[in-house]
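From just these sequences and the hints, can you work out the full model?
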Amino acid sequence: MKRLKSFAWEIWLPIVLIIAWLVLSAGSKSFYFPSLGSILQKTQEVWFFNGIVENLLPSLVRILAGFLLAVLFGVVVGTLLGLLPRFEGAIRPLLEFLRSTPGVALLPIAVIFLGIGDGMKIFMIALASMWPILLNTIDGVRSVEPVLLDVARSYRLTLADRIRFIYIPHAAPQIFAGARLSLAIAAVVMVVTELIGSPGGIGYFILDSQRSFKILDMWSGIVMLGVLGFLLNLGFRLVEARVLAWHHLKNA
Amino acid sequence: MTTPQTQTPAPTSTGPTDDILVVDHLGKTYGDHQVLGDINFTVRSGEFLCIVGPSGAGKTTLLQCLSGLIEPTSGSVALRGQKVTEPPAEMAIVFQDYSRSLMPWLSVLDNVALPLRSAKTSKAERIDKAMAALIEVGLKDHVQKYPWQLSGGMQQRVAIARALAYAPAIVLMDEPFASVDAQTRADLEDLTLTIKNHLGVTIMLVTHDIDEAVYLADRVLVLGQKPTQVVDLIETHLGTNRDQITTKATPEFTELRSRVYQEIRHGDIPSSTGSVTASTAPSAY
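In order, the protein sequence lines correspond to chains A and B. Heads up: the first sequence runs through residues -9 to 242, numbered per this note's numbering. Heads up: the second sequence runs through residues 275 to 559, numbered per this note's numbering.
Check the hints yourself; a few may be wrong.
What the hints assert, rightly or not - DSBU-like, lysine-lysine: derived pairs with alpha carbons at most 35 Å apart:
| # | chain 1 | residue 1 | chain 2 | residue 2 |
| --- | --- | --- | --- | --- |
| 1 | A | K240 | B | K403 |
| 2 | B | K394 | B | K470 |
| 3 | B | K357 | A | K240 |
| 4 | B | K522 | B | K500 |
| 5 | B | K397 | B | K414 |
| 6 | B | K470 | A | K240 |
| 7 | B | K522 | B | K357 |
| 8 | A | K(-8) | B | K470 |
| 9 | B | K419 | B | K403 |
| 10 | A | K(-8) | B | K414 |
| 11 | B | K403 | B | K414 |
| 12 | B | K419 | B | K397 |
| 13 | B | K357 | B | K397 |
| 14 | B | K522 | B | K414 |
| 15 | A | K(-5) | B | K419 |
| 16 | B | K500 | B | K414 |
| 17 | A | K(-5) | A | K240 |
| 18 | B | K419 | A | K240 |
| 19 | B | K419 | B | K394 |
| 20 | B | K414 | A | K240 |
| 21 | A | K240 | B | K397 |
| 22 | B | K357 | B | K419 |
| 23 | B | K500 | B | K470 |
| 24 | A | K19 | A | K204 |
| 25 | B | K357 | B | K394 |
| 26 | B | K394 | B | K414 |
| 27 | B | K470 | B | K357 |
Claimed, not checked - Non-contacting residues of chain B with respect to chain A, defined by C-beta distances greater than 10 Å in every case (computed):
| # | residue |
| --- | --- |
| 28 | G305 |
| 29 | S329 |
| 30 | G498 |
In case anyone wonders, no lab produced these hints; they're calculated from the structure. As the structure is a computational prediction, the values presented were derived from the model and not from experiment. We put the CB at the ideal spot given by N, CA and C, even for glycine.
Structural data, given as structure tokens:
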């Protein structure tokens, strides 16, 4: 009952907005702003299910591969840097510089070296989205309770066990906070790299439709992009709820 | 009424079979700030030694030196004849602050089982040992909970179980009952005595509470102000079966408490301990 109530509380505004869009756009004669009804109809025609296989799945594979690479790299390198504070201090300015450079600025270089295929796209997604995870992991690992480190030393835990049972679990809430941000960046970079890339992918589909004046198709692509983002976020929240169950319970 | 015997704090004089821990001319200096003076004493195998001293007497520093967590500036500590340079496998520590010494992301059982990983035992064996220790401290029904779901006293029991499961020859406790209420404190004191009698483990407990030190200890080591020195080492002779009410009401207990109190206040052994009687004894607080 309580869950139902909180779900209802979350869903009422989107429903109101969609209905408003439906009603206000009904009978629209504008070429660029067609009615929502016709957009949804087009969405069903184009995307279920040929479009999903042709354009949504490739995008999904790229963003998942790029994001998981970012998580892997961010957590591994972040843990190492967190454990070596002196070394981290030395390369901190470099990290800050690289982080402040918008990742997509490297797109032209990436295209030269990696082409316009999946490899370049996954690389760009990983590169641009890893920063929040990397920096949050460093902070999380460095902020471990000193008493716990004394406990670990006095009970002679190996470094591997310390990382697995103390550093990573302690940093996990911060890592997830960073990863949530990373996922949003990854979605943006996914679309941007698809705009300049080879066929296949939602970003390419949207651009291609616009160029061929298939405005309804373009809008249906944007709708599907929203659906993809929503589903990715939902998946992320499910994983987080499982992994950080203790943390949510403790702070409830 | 017998006057408690004073043991002169001399190191390495008794046989190695009796002494489990030998502290020899131990000193610790931070910069030009001397925390520990020249500390000498031995811990006998199977005894309950309480270290009592005023606040800020470097008790925690001493304990960290004894456990190999920090390196002393001078002198040495030896556990069963082996010089302590890092935390020894035969030693377990119960830290003061249970809320910070337990891992909030692990269940009670996993917290207790975690240190056993260093002994390369199988998982089933680790769980068995952890369960046995949790039963010993009376937490059989709470093993799947997270530590922060338990009361303060129960959390400290988890920390004690963790030390016991490790099967150490000596347990070091750093003001373990300082942050629980009085009733819980008395319960935990009695639990610690029961465990010690049951398992025969050597316990060294650091406290600022004179009553607690006298009540628990076979011998009380009295420390003075910084730079910390050993003021006295007193045999309590209070017997094995102690009770919060009757033991604390005995004239022996009252006299010991007064003596320790005076030694802490003056930083010296009083010239005539016999002159302090129960009626004129100042409160320990």
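Here is what the structure says about each hint:
Taking the CA atoms of A/K240 and B/K403, the gap is about 27 Å. The hint holds against a cut of 35 Å. For the suggested pair B/K394 and B/K470, the alpha carbons sit about 26 Å apart, so the restraint of at most 35 Å is met. Restraint check: the Cα-Cα separation between B/K357 and A/K240 comes to about 42 Å, which exceeds 35 Å; the hinted pair is violated. In summary, the hint linking B/K522 to B/K500 is supported, as the alpha carbons are separated by about 30 Å, within the 35 Å threshold.
A threshold of 35 Å between alpha carbons decides the hint, and for B/K397 with B/K414 the separation of about 19 Å falls inside it, so the pair holds. A C-alpha spacing of about 34 Å is found between B/K470 and A/K240, which places the hinted pair at or below 35 Å, so the restraint holds. Under the criterion of a C-alpha separation no larger than 35 Å, the hint pairing B/K522 with B/K357 is inconsistent with the structure, at around 38 Å. With a C-alpha separation of about 50 Å, the suggested pairing of A/K(-8) with B/K470 is violated against the 35 Å cut-off.
Between the alpha carbons of B/K419 and B/K403 the distance comes to roughly 18 Å, so the proposed pair stays at or under 35 Å and holds. Restraint check for A/K(-8) and B/K414: the C-alpha separation of about 33 Å stays at or below 35 Å, so the hint holds. Distance check on the hinted pair: B/K403 and B/K414 sit about 13 Å apart at the alpha-carbon level, within 35 Å; holds. The straight-line distance between the Cα atoms of B/K419 and B/K397 is roughly 19 Å, inside the 35 Å bound, and the hint therefore holds.
Proposed proximity of B/K357 and B/K397 is supported: the alpha carbons are some 32 Å apart, at most 35 Å. Of the pairs offered as hints, the one joining B/K522 and B/K414 holds, with about 31 Å between alpha carbons and a cut-off of 35 Å not exceeded. Taking the CA atoms of A/K(-5) and B/K419, the gap is about 29 Å. The hint holds against a cut of 35 Å. The suggested pairing of B/K500 with B/K414 is violated, with an alpha-carbon distance near 43 Å, which exceeds 35 Å.
A C-alpha spacing of about 22 Å is found between A/K(-5) and A/K240, which places the hinted pair at or below 35 Å, so the restraint holds. Of the pairs offered as hints, the one joining B/K419 and A/K240 holds, with about 12 Å between alpha carbons and a cut-off of 35 Å not exceeded. Between B/K419 and B/K394 the alpha-carbon distance is near 25 Å, which keeps this suggested pair within the 35 Å criterion. For the suggested pair B/K414 and A/K240, the alpha carbons sit about 22 Å apart, so the restraint of at most 35 Å is met.
A C-alpha spacing of about 27 Å is found between A/K240 and B/K397, which places the hinted pair at or below 35 Å, so the restraint holds. A threshold of 35 Å between alpha carbons decides the hint, and for B/K357 with B/K419 the separation of about 39 Å lies outside it, so the pair is violated. Proximity of B/K500 to B/K470 is assessed by CA-CA distance (about 31 Å); at most 35 Å being required, the pair is judged to hold. Restraint check: the Cα-Cα separation between A/K19 and A/K204 comes to about 15 Å, which is no more than 35 Å; the hinted pair holds.
Of the supplied pair hints, the one linking B/K357 and B/K394 holds, its CA atoms being roughly 24 Å apart against a limit of 35 Å. For the given pair, B/K394 sits about 25 Å from B/K414 by alpha-carbon distance, which is consistent with the 35 Å threshold. With a CA separation close to 25 Å, the supplied pair B/K470 and B/K357 stays within the 35 Å bound. With a least CB separation of 20 Å from chain A, B/G305 remains clear of the 10 Å interface cut-off, as annotated.
The Cβ of B/S329 sits about 19 Å from the closest Cβ of chain A, beyond the 10 Å cut-off, so the non-interface label holds. The claim that B/G498 lies off the interface holds: its Cβ sits roughly 26 Å from the closest Cβ of chain A, which is beyond the 10 Å cut-off.
Hint violations for this structure: numbers 3, 7, 8, 16 and 22, all remaining hints satisfied.
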